[in-house]
Amino acid sequence: VGLPYSEPELSSTQSGGTPYGASHVGGAMDDKPISADEHKLCLALGKRLGQITLKLNHNERA
168 VGLPYSEPEL SSTQSGGTPY GASHVGGAMD DKPISADEHK LCLALGKRLG
218 QITLKLNHNE RA
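Sequential numbering from 168 applies to the sequence shown in the working numbering.
Errors might be hidden in some of the hints.
Said to hold, decoys possible - No farther apart than 25 angstroms at their CA atoms in a straight line, the calculated lysine to any residue pairs in the SDA-like style are these:
#1 K207 x N226
#2 K199 x A211
#3 K207 x G217
#4 K222 x D197
#5 K214 x L177
#6 K199 x A189
#7 K207 x L170
#8 K222 x E174
#9 K214 x H225
#10 K214 x A195
#11 K207 x D197
#12 K207 x E174
#13 K214 x S190
#14 K222 x L212
#15 K222 x T185
#16 K199 x L210
#17 K222 x A211
#18 K222 x L170
#19 K222 x A203
#20 K199 x Q218
#21 K207 x P175
Hints were generated in silico from the structure; no laboratory data involved.
Predicted model, so just to flag it, every value in this text is computed and none were measured.
Work the whole structure out from these sequences, hints included.
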(Lines of atoms letter the chains of each structure in order from A and count residues from 1; the text may use other names and numbers.)
(Lines give C-alpha, C1' and ligand atoms only; values in the text may rest on other atoms or scores of the structure.)
Protein backbone atom coordinates (compact mmCIF):
# COMPACT_ATOMS: atom_id res chain seq x y z
CA VAL A 1 0.00 0.00 0.00
CA GLY A 2 1.49 3.29 -1.03
CA LEU A 3 0.38 6.85 -1.63
CA PRO A 4 -1.37 7.74 -4.88
CA TYR A 5 -0.13 10.69 -6.91
CA SER A 6 -3.52 12.31 -6.30
CA GLU A 7 -2.27 13.37 -2.85
CA PRO A 8 -1.26 17.02 -3.46
CA GLU A 9 1.41 17.04 -0.73
CA LEU A 10 3.25 14.26 -2.55
CA SER A 11 4.26 16.64 -5.32
CA SER A 12 5.01 19.61 -3.06
CA THR A 13 6.88 18.05 -0.13
CA GLN A 14 10.50 19.08 0.32
CA SER A 15 11.24 16.86 3.28
CA GLY A 16 9.69 13.40 3.04
CA GLY A 17 7.03 11.16 1.59
CA THR A 18 7.13 9.09 -1.57
CA PRO A 19 4.63 7.07 -3.62
CA TYR A 20 5.96 4.06 -1.70
CA GLY A 21 4.71 5.53 1.58
CA ALA A 22 5.24 8.09 4.28
CA SER A 23 8.81 8.80 5.34
CA HIS A 24 10.84 11.15 7.51
CA VAL A 25 14.51 11.82 8.14
CA GLY A 26 14.97 13.15 11.65
CA GLY A 27 18.54 14.35 11.18
CA ALA A 28 21.75 13.21 12.85
CA MET A 29 20.68 14.71 16.18
CA ASP A 30 16.98 13.88 15.71
CA ASP A 31 16.40 17.62 15.58
CA LYS A 32 14.10 17.85 12.57
CA PRO A 33 10.38 17.57 13.38
CA ILE A 34 7.99 16.30 10.74
CA SER A 35 6.71 18.91 8.33
CA ALA A 36 3.06 19.74 7.66
CA ASP A 37 3.32 17.89 4.33
CA GLU A 38 4.74 14.78 6.01
CA HIS A 39 1.98 14.89 8.62
CA LYS A 40 -0.73 15.11 5.96
CA LEU A 41 0.85 12.25 4.00
CA CYS A 42 0.98 10.08 7.13
CA LEU A 43 -2.71 10.72 7.76
CA ALA A 44 -3.56 9.99 4.12
CA LEU A 45 -1.60 6.72 4.23
CA GLY A 46 -3.33 5.67 7.47
CA LYS A 47 -6.74 6.42 5.98
CA ARG A 48 -5.88 4.50 2.79
CA LEU A 49 -4.61 1.50 4.76
CA GLY A 50 -7.76 1.49 6.88
CA GLN A 51 -10.03 1.62 3.83
CA ILE A 52 -8.19 -1.23 2.13
CA THR A 53 -8.29 -3.29 5.32
CA LEU A 54 -12.06 -2.81 5.58
CA LYS A 55 -12.52 -3.86 1.96
CA LEU A 56 -10.38 -6.96 2.41
CA ASN A 57 -12.20 -7.86 5.62
CA HIS A 58 -15.58 -7.39 3.93
CA ASN A 59 -14.54 -9.60 0.98
CA GLU A 60 -13.28 -12.28 3.34
CA ARG A 61 -16.68 -12.49 5.03
CA ALA A 62 -18.61 -12.64 1.74
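Each hint tested on the structure:
1. K207 x N226: Answer violated: K207 to N226 is near 29 angstroms, above 25 angstroms.
2. K199 x A211: Holds: K199 and A211 sit about 21 angstroms apart, inside 25 angstroms.
3. K207 x G217: With Cα atoms ~15 angstroms apart, K207 and G217 stay inside 25 angstroms; holds.
4. K222 x D197: Violated - the C-alpha atoms of D197 and K222 are around 37 angstroms apart, more than 25 angstroms.
5. K214 x L177: Given that 25 angstroms is the threshold and the Cα spacing comes to 15 angstroms, the pair holds.
6. K199 x A189: holds, 16 angstroms
7. K207 x L170: holds, 11 angstroms
8. K222 x E174: Holds, because 21 angstroms separates the two Cα atoms, which is no more than 25 angstroms.
9. K214 x H225: This hinted pair holds, its Cα atoms lying about 17 angstroms apart.
10. K214 x A195: Roughly 30 angstroms between the alpha carbons, so the hint for K214 and A195 is violated.
11. K207 x D197: Holds. K207 to D197 sits at ~20 angstroms (cutoff 25 angstroms).
12. K207 x E174: holds, 9 angstroms
13. K214 x S190: holds, 16 angstroms
14. K222 x L212: holds, 15 angstroms
15. K222 x T185: holds, 24 angstroms
16. K199 x L210: Given pair K199, L210 holds - Cα atoms ~19 angstroms apart, limit 25 angstroms.
17. K222 x A211: With a Cα-Cα distance of about 17 angstroms, the restraint between K222 and A211 holds, given a limit of 25 angstroms.
18. K222 x L170: Measuring from Cα to Cα gives roughly 17 angstroms; hence the hint holds.
19. K222 x A203: Not satisfied, since the Cα-Cα distance of roughly 29 angstroms exceeds 25 angstroms.
20. K199 x Q218: violated, 30 angstroms
21. K207 x P175: holds, 10 angstroms
Violated hints for the displayed structure, listed by number in ascending order: 1, 4, 10, 19, 20.
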